[in-house]
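Engineer: Residues per chain, in single letters:
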Amino acid sequence: MTVRVVEAPFDPAAELATFARGRSDVGAVASFTGLVRDEHGGERILAMALEHYPGMTERQLARIEAEARARWPLLDVLVIHRVGRMLPGEPIVLVATASAHRAAALEACAFLIDWLKTKAPFWKLEETSSGARWVEARASDDEAAARWERR
Amino acid sequence: MRIRYFAWLKQRVGVAEEELDLPAEVTTVGGLKAWLGTRHPRFAEACAAKGVVRAAVDQEFADDDRPLAGAREVAFFPPVTGG
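Chains as they are written, first to last, in this note's numbering: chain A, 4 to 154; chain B, 370 to 452.
So here's chain B without its partners, still in its complex pose (with noise of 0.2 Å):
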């Protein structure tokens, strides 16, 4: 699976992006988050504030409890700024 991030998480956790073959207790946005905070520290830090860590899957804002099922790509971001 393609997990990106933008922003100032993208500068945390160091990449803009990465392929990753997720375990298969990986389920849902949160465990994403969960078990990526495992590999980046970083993410992890950001993730324990509430509200400032969002996730889209293939594009469409997803919650934690979204299902990853025939997920192709999770993006992490802060809140946005445009406009």
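Okay, chain A solo, but in the shape it has when bound (with noise of 0.2 Å):
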């Protein structure tokens, strides 16, 4: 397990070719990366800045992994988010899951992403031409959260 908030970029394709290698018992690994746009509602994004709560994020985020953990047999899985500013182009997420078969990878990864999105207390600020505006939150993110909480 690991979760890991940072400000360096990181590069995906090197965290994945290390994420659960040397295990034989994993069949399946899934991962979503988030990268920065450069296009918002018709404007220019310059660049985007990332605040979060230290401390309260990565309990956030365990407590999410937890969950995932939980609900899907689950080999292996990492988080890592990105805080500070970024440029178009650049990894803000990553978010990978490993296990025995394909279902439970694919759906625990869509789960920890749409509940990282709603959970985990990041805001974003970007940056564009006519200066920098707080981005609001979506319901479509909200929905796509609920999808996933038990009845």
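Heads up, a few of these hints could be off.
[Said to hold, decoys possible] Part of the chain A face toward chain B, derived, beta carbon under 7 Å: (1) M59; (2) P124; (3) F125; (4) V138.
Simulated from the structure, these hints should not be mistaken for lab results. Heads up, the beta-carbon is just placed ideally off N, CA and C, and yes, glycines get one too.
Put the complex together from the two separate chains, hints included.
Structural biologist: This is the structure in structure tokens:
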């Protein structure tokens, strides 16, 4: 298990190359990489700054990971989230899951990013040519997270 | 008690954190919001909009009815937008 909050750029390919390596019980690895886009709402994005709540962030990520492990038979989990200022094209977040079979890996990966987006204390500030603006939370993210709520 | 603000709420209030002695009648997150609103008018404005100001007590998400007894740190922030 690994949860990391990092300020420096990271390389998802390099992270995935070592994720679950050397294990012969892993039959499936799934991953999600979130990148900074250069456009939002028709406006050009020059850079993105990620603020977070140190301490609470790590606790929430660890809790979300524990929830994923309780629901699916995961053999390994990796969550890396960047904070600070980053440029379009750079990775913001990487989620990777390893399991014996694909369904658990794919579902757990989707669950982790859906819950991370609504339950981990990060805030995005976009820098545009007309100034900086805080990104508003989207109802679609709440809906994506809600589909994993247990009924 | 330490009060912390994040994202645009921090900019509205004008401080990232403050150390405050709460009056005895402030016993819940909701009560703290109302009291802080008397100190920071722009915080009160933000709280007036439903669902915009979220809270955490000792780094756990908390609703307005959450008691503050024993709490060391309360944070206020807008809905999260990471990932």
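Engineer: Hint by hint, work out which the structure violates, then give me just those numbers in ascending order.
Structural biologist: none
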